[in-house]
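Protein chains: 2
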Amino acid sequence: MTPRGTGHRAAPEHTHPDDVPVLTALAALADPVRLTLVRELAGSPEWTRACGSFDVPVGKPALSHHFSVLRGAGLVEQRDEGARRVNRLRRAEFDARFPGLLELVLRADPLD
Amino acid sequence: MTPRGTGHRAAPEHTHPDDVPVLTALAALADPVRLTLVRELAGSPEWTRACGSFDVPVGKPALSHHFSVLRGAGLVEQRDEGARRVNRLRRAEFDARFPGLLELVLRADPLD
Numbered sequence: 001m002t003p004r005g006t007g008h009r010a011a012p013e014h015t016h017p018d019d020v021p022v023l024t025a026l027a028a029l030a031d032p033v034r035l036t037l038v039r040e041l042a043g044s045p046e047w048t049r050a051c052g053s054f055d056v057p058v059g060k061p062a063l064s065h066h067f068s069v070l071r072g073a074g075l076v077e078q079r080d081e082g083a084r085r086v087n088r089l090r091r092a093e094f095d096a097r098f099p100g101l102l103e104l105v106l107r108a109d110p111l112d
Numbered sequence: 001m002t003p004r005g006t007g008h009r010a011a012p013e014h015t016h017p018d019d020v021p022v023l024t025a026l027a028a029l030a031d032p033v034r035l036t037l038v039r040e041l042a043g044s045p046e047w048t049r050a051c052g053s054f055d056v057p058v059g060k061p062a063l064s065h066h067f068s069v070l071r072g073a074g075l076v077e078q079r080d081e082g083a084r085r086v087n088r089l090r091r092a093e094f095d096a097r098f099p100g101l102l103e104l105v106l107r108a109d110p111l112d
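Heads up: the sequence lines are chains A and B, in that order.
Each residue of the first sequence is one higher than the last, beginning at 1 in full-length UniProt numbering.
Each residue of the second sequence is one higher than the last, beginning at 1 in full-length UniProt numbering.
By construction, these hints were calculated from the structure, which means they are not laboratory data.
In this text, a Cβ means the ideal position worked out from N, Cα and C, and glycines have one as well.
Careful, some of the hints might be misleading.
Now the stretches of chain A that chain B is said to cover, found in silico as 3 or more residues with beta-carbon under 8 Å [as the list claims (entries may be wrong)]:
#1 24-33
#2 92-100
Here are some chain B residues pointing at chain A (derived, C-beta under 8 Å) [to be verified]:
#3 L26
#4 F98
#5 L101
So the derived label-pair ranges between C-beta atoms look like this [as the list claims (entries may be wrong)]:
#6 H14/A with P61/B: 36 to 42 Å
#7 G100/A with W47/B: 26 to 32 Å
#8 A11/A with K60/B: 44 to 50 Å
Can you build the whole structure from these sequences, using the hints too?
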């Protein structure tokens, strides 16, 4: 837990991409909401996007679950800044573990 | 239906990789049984593997479903030869649509 300003939440747990099985990576990306989150993050500077800032049609508990899956797949890193939880895509680390996979899902067609 | 020797089954329906959304491709590969099927097919000459020849811990109806998902994702082509339904991995076509994705799942770690 960070010492101040994070309210009552526990700090988010992360998995490094090096520890992510390929099945976990594929399953994390094989979801339209999570793919939208990843794509929006890819288009934003690191640590600028709070969890509530994404244009996805799900409620807060579902969104929280999706971010948990993305953290567990080594795709997203989060930290608390005051009342906001901000995000970055772990692009370089994920690319090193699964070369080309992010590029593929980022460049692919409009969400199909 | 092919005219002779195929029993009562309808010929399998296929989807060309060019018509496969990226989410469908990812979801098809994000399953341990299907990933095993794809890996075994990648290691076998085309049209040599009958559906019953794979080392996966599922019954026939589930296996049939998995092959249906793989056909629908443009990953596998099937044809009936007498009582056998034989398979090939659509490697070139799938690679053209999703460059690097098959290579990634084929080279990745032992099934995790």
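Status of each hint after checking the structure:
For the segment 24-33 of chain A, the stated coverage by chain B is satisfied: 7 residues place a CB nearer than 8 Å to a CB of that chain, which reaches the threshold of 3. Counting residues of the segment 92-100 of chain A whose CB lies closer than 8 Å to any CB of chain B gives 3, so the stated coverage by that chain holds, three being the minimum. Because the beta carbon of L26/B sits about 4 Å from the nearest beta carbon in chain A, less than 8 Å, this interface hint is met. With its C-beta approaching chain A no nearer than about 6 Å, F98/B sits inside the 8 Å limit, and its interface hint holds.
The interface hint given for L101/B holds, since its Cβ lies 6 Å from the closest Cβ of chain A, which is under the 8 Å cut-off. The hint said 36 to 42 Å for the Cβ distance between H14/A and P61/B, and at roughly 39 Å that hint holds. For G100/A paired with W47/B, a C-beta distance near 29 Å keeps the hint of 26 to 32 Å intact. Taken as a hint, the range 44 to 50 Å holds for the pair A11/A and K60/B, whose Cβ atoms sit roughly 48 Å apart.
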